[in-house]
Amino acid sequence: MRAVRLSVATAAATAAALAAVTGCTEKSEAAGGDRVVEVTATDSECKVSKKEFPAGHVQLDVTNKGSKVTEVYLLFPDDRIVSERENIGPGTRQKVTAEVKAGDYRIACKPGMKGKGIRQDVKATGGGEAAKRDPRLDAAVASYREYTQEQADGTLPRVKVFADAVKAGDVAAAKKAYAPSRIGWERTEPVAESFGDIDPKVDLREDGLEEGQDLEKDWTGWHRLERSLWKDGKLTDRDSALADQLVEDLTDWQNRVGKAEITPTSMANGAKELLDEVATGKVTGEEERYSHTDLVDFKANVEGAEKSYALLKPVASENDAALTKELDTQFAALDTLLDKYREDKGKGGDGSEDSYEFTSYDKVGKAERKELSDAVNALAEPLSKLAAAVVATK
Amino acid sequence: MTDTPSERTEQAEHAGQAEHAEQGAGAVGAPSRRSVLGWGGAGLALGAAAAGGAVAVARSDDDPQPAAAGAGAAVAFHGAHQAGIATPVQDRLHFAAFDVRTDDRAVFVQLLKDWTEAARRLTAGQAVGEGAYGGPVEAPPDDTGEALGLKPSRLTLTIGFGPSLFEKFDLADRRPEALIDLPKFAGDNLDRDRSGGDLCVQACADDPQVAVHAIRNLARIGFGKVVIRWSQLGFGKTSSTTPDAQTPRNLMGFKDGTRNIAGTETDRLKKFVWVGETDTDDDSAWMTGGSYLVARRIRMNIETWDRTSLQEQEDVFGRDKGEGAPVGRAKERDEPFLKAMKPDAHVRLAHPDTNAGATLLRRGYSFTDGTDGLGRLDAGLFFLAYQRDVRKGFVPVQRSLAADSLNEYIQHVGSAVFAIPPGVRDADDWWGRALFSEEA
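Read top to bottom, the protein sequences are chains B and A.
Going by the numbering used here, the first residue of the first sequence is number 1, and it counts up by one from there.
Going by the numbering used here, the first residue of the second sequence is number 1001, and it counts up by one from there.
Quick partial rundown of chain B residues pointing at chain A, CB under 8 Å, derived from the structure:
#1 95
#2 265
#3 330
#4 378
#5 381
#6 384
#7 385
#8 387
#9 391
No lab work stands behind these hints: they were computed from the structure.
Cβ coordinates follow ideal geometry from the N, Cα and C atoms, glycine included.
Same shape as in the complex, but just chain A (with noise of 0.2 Å):
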């Protein structure tokens, strides 16, 4: 039992100042804004943060969080973009995907509405509903009450909508021609329990209990609307979108995704991540300011691979395993001279420079689920990625990847794609609002 009011109320209430505050500055994507919020609101923030409390940063449209808020601040649930792609990425994942079980559209529609709500909660680190305790002692509570005195943690909730979901709710002419069933690639061995989905919601935090608590309370609201198709915990992030800060390894030991995009660097964010008004016409309008994920569930043999010698490790790669640096470089951010790499390397594989310039957001994690039974380690990376169009995107990279040595250490088991909505832009609006209101 808690004794005393819990942290993350505390900080709640300046959440919802923040938010107030963005609320209060006009109009979605007035170019006054950054100015005044972006930065302007990280000193505010820190200040606060010194106070004793977390605060939610008023989130510019085109900026991500300042990283300097700290591992335990809230990041600002509304946007013109949903939070959790440009955000700096949190230490921690837990992804779930749903399937629909109601053909009732008003039901469904409720539903995001009251994902949205609890979801604005969630992420100001709050409770959902009336809380974990001090309720009616004959209900249970509706809240689950494990983050309870946990701090925000740099909560991000992002929705996205698979294909199989414009099956349903006569929502067929809406799906944008971007959004495609994933053609079959060299080397997927996709299990079909972890694949797919009509739904999918991201979590990520920088304290894992913080991203459980809040996939687990989706879930708990959605019983009888939507139920869980499968869900993926990872471990440790892969990928950084803040280049200042070291890049994280995979379970390889090496650095990938050292060229990643900056959550800083607006162009590129808007070139390759963002879709833009272009990309749509009157039917999937809805989509303008969103992205498309691409997740696939990767396992390696890390235990064959641990048995390679360095220099084929190296050469695998691309790039040498201490600093980072491309084949013949010296430094990890060194411009890489492909032709100096192996063919088959998997830096040059993947290279934009090889895939006329298709450039990914990625922001996967590390997973270990227990064992394959055979005595190794069901160990691998969870594959998470950003484009504006999955056609110009994962696509050509991943067919280009079909050479990659690198196969022979890893295994598509899983995979997924969903168009995901652009962001909640105030307290009136909600996930799927475009798709799913008539005059939209």
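In isolation and in its complexed conformation, chain B is listed as follows (with noise of 0.2 Å):
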């Protein structure tokens, strides 16, 4: 039972439920620890339990005791927002997390909304960097950033081949070169998302094009290319001139990706990102609309799930066992259902990636296509809950 209902259940005149309002109390209490502030806002004041907090996962715990809605901020010293919380009820509690990094910062009270508020400084203690974060989650954070760096290194290669098929004129070299330089990309997109500028230059698809945007004129990378050589089965100069911009562009990603700003969170969102592309892309055909290739974007996201998955296992499973035992379960079942499209399954044996032979999902039967859904839906359930297992204070 969660702190924000408690003021109801106190109404309930059963001493059953004030023992559970008792118990549930001490329990948030003792889970929060010395990175918990209380915070009780009333009109006038901004009362906080303490000043100084140690560096890492605050949570402030907000109690409204005034009589006008209030907004809590979590401020730098220049009011540069950190977190904040708008609408926090009379007579309502609520929270405000965020991760902070040692130094001064101020908790801001706005009782009706209006204002600067009323202000107490505060100050997060500790290292220089985010403090006393589990060192297992550092790792994990390292082995992401190595796997990122390593996916758009192995990719660069991989788009030449393909960027001199198409410069070549030769479409099918160019048709069986395409799938394959996407896998680097498809397993770590929501990093190069983060980066906002690349991932509509290489990945966009004809329906992303904005009003105004002109289809010959505007739209670059993969998907251009795609319809180029399924759809108009032929090449032009522009086309050539597109193949070397995808490089170029790629390049950028490769040189900037190990600079990306991942945290524990991030990558667990970010797993769980990978599934809402695959459920929202993929299992639908719209990604590979000419190419019919899903299934290999498909494969490659699930396997970039995988990865920030078992690099956060270690943590995860302690404070969510019964999720992790949930999520070995679903990204198994998912796996194996995949194999049942790979057409190269055991035959290329090294499970190297120039051997990610998919059925073109074109042949994939609506049965077969509402199974990998549903494989999908079994496995993004659960993984949408990770985040919060892997920031779990003990």
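Fit the two chains together into the complex; they arrive one by one in their own frames, and the hints show the way.
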């Protein structure tokens, strides 16, 4: 039971209910530890239970005892917002959480949600970095950073093979090189997307063009070339230019991927986002509408999610063993199902990327697509709980 | 973001009290319960409702909820029979059929327990799990949240087990004989994707969002164990189990179901709806107190119907359109004189007197699901009928309806049959316990 409902539960005049309330309150305090700051907001005050706390995953437990709706902010000294919560009604409780490094901060309450607010200076103590994070999580982030770099490094040569075939006007060779050139990107897509500007240049779909954008002039990247290859069946000078552009944009990605902001939470959420990609783009056959190589992307998305999960699992399994058991089961089930469509399964032997020969998605029937979709749902639902299991304070 | 404790939560407190009151009344089926809890509970409910909250009324074994408790109230989840059958028919429906995707019996049993707990909360107007907000910000909330601030809206959740479920989990011996695979009827044009299912959940409520919220959250809890096979929304009730209320009309504009079994007719419920001890053997004893549900998606060719003369429309049904009176009678509830009707009139062919007494408790809803791509509404009746034995209920009636002149305007396009287990008795009980527990 959550604190937010406790005030209501208190109204129930049964001993059992009261016992439950007490139990829960104690539990939440015990679970919170040093990094939980009780914030009591009134119409004229903003009281905090402590002014110093260790850097790391901080939680503000806000109680609005005033008569006005309030907002609570955690601010940097220069008023940039670290984290905030709006619309905290009179008599209610809310939580504000943030990952903070050591340094000075302010907590601000804004009764009536107006003005600069009533402020309290606070301090996050500890080393220079976000302190006291489980070293295994730091190791997970480091490993994942390596992985994203490896994927980018491995992608570039494949993209060059693809680009060279396009420039040579060799439609058959370009078609063959198309899907393999995307695997590394698809595995780490959430990180690539975090740069904002690269994804629209390389992975935009036809339906992603905005109003006023021209199909011929403004559309670049893999899917534009996919259309030339499979729909138009011929390659033009424009396609050669697009191929060069693709190599250039992906080189940009390769150079920047090492500097991406990666946290344990972003890894866990990234895994879930990869499954979202599968659910909205691949299962429907929208992503590769001309080449029908959706299952290659599908597999790569799942592998990327599985990588993040494997790195976070040691911590997640301690916090929520039932969750990791379910995730193990559902990852295995989805992999097994995908193998049914892997035409070279057992032939390539070494599992190398070059042997990613999957059934063309236009040959996958309605009932089979539903089966794939069901397996994606079965995995994505528990996967959405991974982030919380990783940051849970014990 | 909700900034005050939600109304739903407050109501849930009352619901909890009512539930405790019911448990406190002693053994289920004690003769004093009706007087103590049925109408006494209603008085309490009305008092509390007047004080600003809607309330769950303790549900006695055979009586439905007094309708007077109002549209916002909670219907008690616990009882000898599942709610949503004899309960006064709510305005809206969301019905879902599921297929089981796990072969692990323990996993499936845990799902039934989790669903029961969620249903207990949902019907009381509470959010599922730890709620829709206020939890860890890194995690998606347990509840999807669209019912926050809405009243319990007399939500009932009714579970059923389809014939195909009994092919799983070594349940073959426990399949009741009465749970037959429906035969093919004349005129059937069934879509596989809208038929069958290992499980069903019927969600009825006076607010459509409350019904949809319930199905959505149960489906979410079920991911990885069950998948939705098909689902159906019903926007308006076509039947009533409260005879003093006006009989609703179907999309053809007629009152159909005037003679439906009322929720207060204990004797007829016992005779035609509830599975009795004498109906079961050792293997199917788990069904005692349950019922059987036939669900049929009946597409209506409403455009051609609307071009039909009033005379023909009235002849087809065997009632007049305005009052709903049977042919040759003055009032809706006058005893029908079947021989005065055309031999192929709907009322005549469906009437118990034509079918050796076969009587169904009907609980259908009208639907429109967009268009059929040919400039016509995909509209009709989602027919739901509860009965003690399908072989003595829906089957003879539907066979008799092979000659129905209404068939020119309708087509059955979806079909399913489910065993509806008895009610969840108390806080320790769960949907299907008697079927899945070895000792039962």
